[in-house]
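Chains A and B are the protein sequences, given in the same order. The opening residue of the first sequence carries number 1 in my numbering; numbering runs sequentially from there. The opening residue of the second sequence carries number 1 in my numbering; numbering runs sequentially from there.
To be clear, the hints were calculated from the coordinates, so they are not data collected in a lab. Careful: at least some of the hints might be erroneous.
[To be verified] One-sided excerpt, in silico: chain A residues whose CB lies under 8 Å from chain B:
1) 53
2) 66
3) 77
4) 295
5) 492
Just so you know, even glycine gets a beta-carbon here, dropped at the ideal spot from N, CA and C.
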Amino acid sequence: MSNFPSDGSEPLRPSDHASAPNEPEREPRTPTSPRLGVVGWLRWGWRQLTSMRTALVLLLLLAIAAIPGSIVPQRSADPNGVVQWRTDNPDLFPILDRLQLFDVYTSAWFSAIYLLLFISLIGCVIPRTKHHWKAMRARPPRTPARLSRLDDHLERRVALAPGADAEAEAVAAVDLAEQELRRGRYRVERYDRSGVASVSAERGYARETGNLIFHASLVGVLIAVGAGGGLTYTGQTVIVEGSTFVNSLGLGYTSFSPGRFVDRESLPPYTVTLDSFDVSYFPIGDTGQGQPGDFAAHVTTREPDEEPQEETIRVNHPLEIGGDRVYLMGNGYAPVLTIRDADGEVVRSEPVAFLPQDDNLTSLGVIKVADGLEEQLGLVGFFYPTTGVLETGAYTSVHAALLNPILTLDVYVGDLGIDDGTPRSVYTLDTTDMDQLTGRGTDVESLELTPGQSVDLPDGLGSVTFEDATLTGTPDVVPRFVSLSIHHDAGVVWVLIFAITAVLGLLAALFVPRRRMWVKATVRGDELLLEYAGLARGEDPAIAAAVTDLATRHSGMLPGVIDEDETARRTPADVD
Amino acid sequence: MPDTGMSLDEISVLLVWTAVAIYTLAFIAYAVDLARRSDLAVKAKDAAQVQELVGAGAGGQATTIAAVREQERRASSEVSAAPAQRPRYLWARMGTSLTVLAFLFHLAGTIGRGIAAERVPWSNMYEFALTGTVLIVAVYLGVLFRYDLRFLGSFITGLVVVLLGGAALAFYVIVVPLADPLKSVWLVIHVFVASLATAFLALAFALSVLQLMQHRRERIAVERDINGGPRFLRTLPSADALESLAYRFAIIGFIFWTFTLIAGAVWARDAWGRYWGFDTKEVWTFIIWVLYAGYIHARATRGWRGTRSAWLSIIGFIAVLFNFTIVNIFFKGLHAYSGLS
Ligand code: HEM
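So here's chain B without its partners, still in its complex pose:
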């Protein structure tokens, strides 16, 4: 690279903005994918008239409830199909390739920031956002090897564009030396695990939202219109299948969150002399933990499984975002490490 006189931190910022731009393209590609999947549904309409019973392909127009169920069953098994056996949605593949590319820029930008600051890049709000979103994308891409969750692509890339772009605009601070209380291995562990938990909870959140939409569509299909509701939903697994996927991610996130809570208490004891003091941030970490414990319980409670528990997963993740943004910026407490003043 020619000597542009840029500092490593400035290069990092440039990489981050490049990543935001590519994520935006990925978002568009994934959105087109969802729209196209449902176009497939329309095209298949004619075919369906010939092929009375079952919709022709994934997302095909169905004429009976049995056909709707069959579509969903197929979509559910496609979700766990090995990568080579997945349906070849062109736009989804573009979305994923772009996401991988953006992720590389994003990762480079984050590591660059860490090198520039000579410490882990998660010590103020701007850096939490960098690392947190890197982890969200990493977990999403990692999970793709196991499950075909490309239908969450537009949600994930959209979320990352908003969080990362927002952080780069509103939270950016120059590199300053670490304040004494932050010089601790627990900064490395506690904050990292919290971000990891957030990544899994984000996936669970997205799946819970889809679960609710799918549930609604299923109801409409039974009550009024077999082909009602947003069309792309026809290419997705059943609400039940989405729910159990959401649950799988939520419990991983919950374990990490439990660990975050404990690690935070250990650190608080070293830094402030007590392991628990109902400091604002501690309170919110606790609230989130209890909400997810409630969600897990709800899944095991008659009358709460399904829609109601999905709402708890959604509320839980809203609390996570609230904790990261509003609580960090506006609430008073000992965790004054946003780096903003």
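With the rest of the complex left out, here is chain A:
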């Protein structure tokens, strides 16, 4: 490639690009030279940062730096994994944490690498874009004096008819070639002299355009991800069949994490009511027996000034509403429990979401009754949709459907620890200040209930009823709950757009051949010497074929072409 003088129409490349001529570097190699002032230093640094080598090293560093995050659990992707890791490695944890190894992708060192890479990228792309802008307007360069020095070079000779105007024939032949090249989407320029007519052609500017679009799109992706993150929010909620989620911070969410610029007060107003939840299980005896599938949350959505809509949320098919997307993340059973005091007055009656502990939905739930009874009451319950008995005598669920549901409850009384306002998870019971009245470790059996049954609480506290929910209109004896995840992602459209332009740019950058072609006709007595030559600018496996093709087609259009067989590719005599 570099055997040819460069000119302004070549793409601009960092000075350590492989195709750059091996000239000695104009600027001093080391910054230790005393002549180098502040400006010199800065220029030197900038040149280093925007060199191919730096880009390469930063790319490789980025790949390496990404690895630990796949080995050590990350707070963002797997918070429970981090907690577990801490328990398993109490000594190592603080060290790794100091190194930000649990937050690799937001760590200072990871950020430093990609920010430097992108600064380098921008510093590299801007001058190249300016240069390319000019180059696209430039005329194809002058035809070299000796085309035979090029690797891809062919000759044909044409015998002129007696009395023909040789000069005019040469021009006419090149005219034809020019048309042919134009048809092949070359940009052409004529360079005719007396006795020698030639056309210079260039194509494939899209290669550099594509490269620039690709790199610029990467910057676009980064900005869209960053800016989008600030406007993004995600939240979780749990709703039971028959109940409604209201998209408002105070009302609906069990957890909410907004980006920096999210206005919490003006979330889009809508509600989602869970009408029913469906799931099917593969029959026992089938391969995949008991495996659940086709989860579907049937919901009714309401937005201001609109008719209620019936929709279905499935895995892979979130609900789109008010600019948000609502995902089905999990499901389980929510037994309806009614607790009465010693006088039979209802203290509370509501469904309680029990969290699944295994694939057969053995589920764990907690009920806290702070007021209304003589003492604060805590219940820790297990729910078995299809109860089976282990060899140890303990219960377990053997199937996820409601074939033989049983609920067991352990009763605690004392201080729930919520009066002082300490936030506590609704799914765990802090039993430090409580006495256990039933279950393992006491001499009273756990309470055990089937749907519709009531039992008395110990010590005459009152009673608890496991309601048959079909009586209140739910499809099953125990209602289902779903956990939903609500996402709003402002940047995602832009990320997608830039990803697509990146791919298109990449396709052009990698597969559009950029090449120059020349056709020259020289008068040689009563003959015309036709020369065809091509020069690849960058990777171009098909250049030789392109030259041959042009020569064949062009000379095919001319009468009087002779000794085609003798025309050899790069005859040794041509090389000087």
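Got chain A sorted already, so can you dock chain B with the ligand onto it with the hints?
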């Protein structure tokens, strides 16, 4: 077929094992081919003494650097020769015929598995391996129409025997219904394109390895022994030519990989509510993408073109294999679809 009481899936397994056996034979044939090519080199030694300047045929013993270069030049142009003009290496032809035969069994086994499972046959590790290796062989056979890469035959068939045999032994699972998160068109697209990318990157990898070997031989030829290094290399194109072939396959693989990355993000957004979350598998897909971007850059960086960039292509493909095996089996993450427990 008489009623043997076999299920379609069992037949599929049988077809796959038959394919593995035939691939093994193909591997042997291709290996013999490489050895024989260099035998040609030895036989041509006597001829070379007569024919002072240039080695007699492809792989002939050379006496000058010019002759070495000439051999390589000829090998390079033979690589792009039309199928009818290629040298008639008997064992290579047997290898290719056997590969085609094995491929038909392999394809039938894979399609059979798909029919038995009533879905695309790439939904767990065993099936990824089936489809992925089918694509590797398909791409290899397809490329043969354009380039004479039969010298990669033993690598390709060897790789497929190891991956396919290994998968059939270690990853086989019976057909079970698809888990909900996998019910998506993106399973069809994302995983298929990833496998296709892998097929092209595998070819690039093999060529890069040969490039390094050829480079070493070229150095030995210049410095010490004109006829040094493994003999079969004398029938192969120059390191430069191998490098540009490797690059051509790598960029096709890279485009497909880029698409895999984007398609995965689109799917992740539907399935998990975010397009990117640095899940283990996402991280590795990204690492591989960056490695190949690095490789492409290296090819354009002075001092990195050639040997160093070839190493990046090799490391890139090792990462691909690592991603498929170790990451799937041992790393924790949301992509828990290996079907193994
Ligand atoms: C996020 C970081 C980057 C990525 C992922 C990336 C990726 C790529 C890819 C895939 C190509 C091949 C496509 C083509 O030839 O147009 C390429 C080419 C190129 N990149 Fe980058 N690049 C990055 C940063 C940079 C930086 C910082 C520079 C400037 C120093 C740079 C300069 C170039 C040049 C000059 C080419 C053309 C190479 C050739 O002549 O074939 N890139 N890059």
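Hints and how they fare:
1. Satisfaction of the interface hint for residue 53(A) is found here, the shortest Cβ-Cβ separation to chain B being roughly 6 Å, below the 8 Å cut-off.
2. Nearest Cβ of chain B to the Cβ of residue 66(A): about 5 Å, under the 8 Å cut. The hint holds.
3. A hinted interface residue such as residue 77(A) counts as satisfied when its beta carbon comes closer than 8 Å to some beta carbon of chain B; here the least separation is about 5 Å, so the hint holds.
4. Proximity of residue 295(A) to chain B holds as hinted, the smallest CB-CB distance being about 6 Å (cut-off 8 Å).
5. Because the beta carbon of residue 492(A) sits about 6 Å from the nearest beta carbon in chain B, less than 8 Å, this interface hint is met.
The structure fails none of the hints (numbered hints given earlier).
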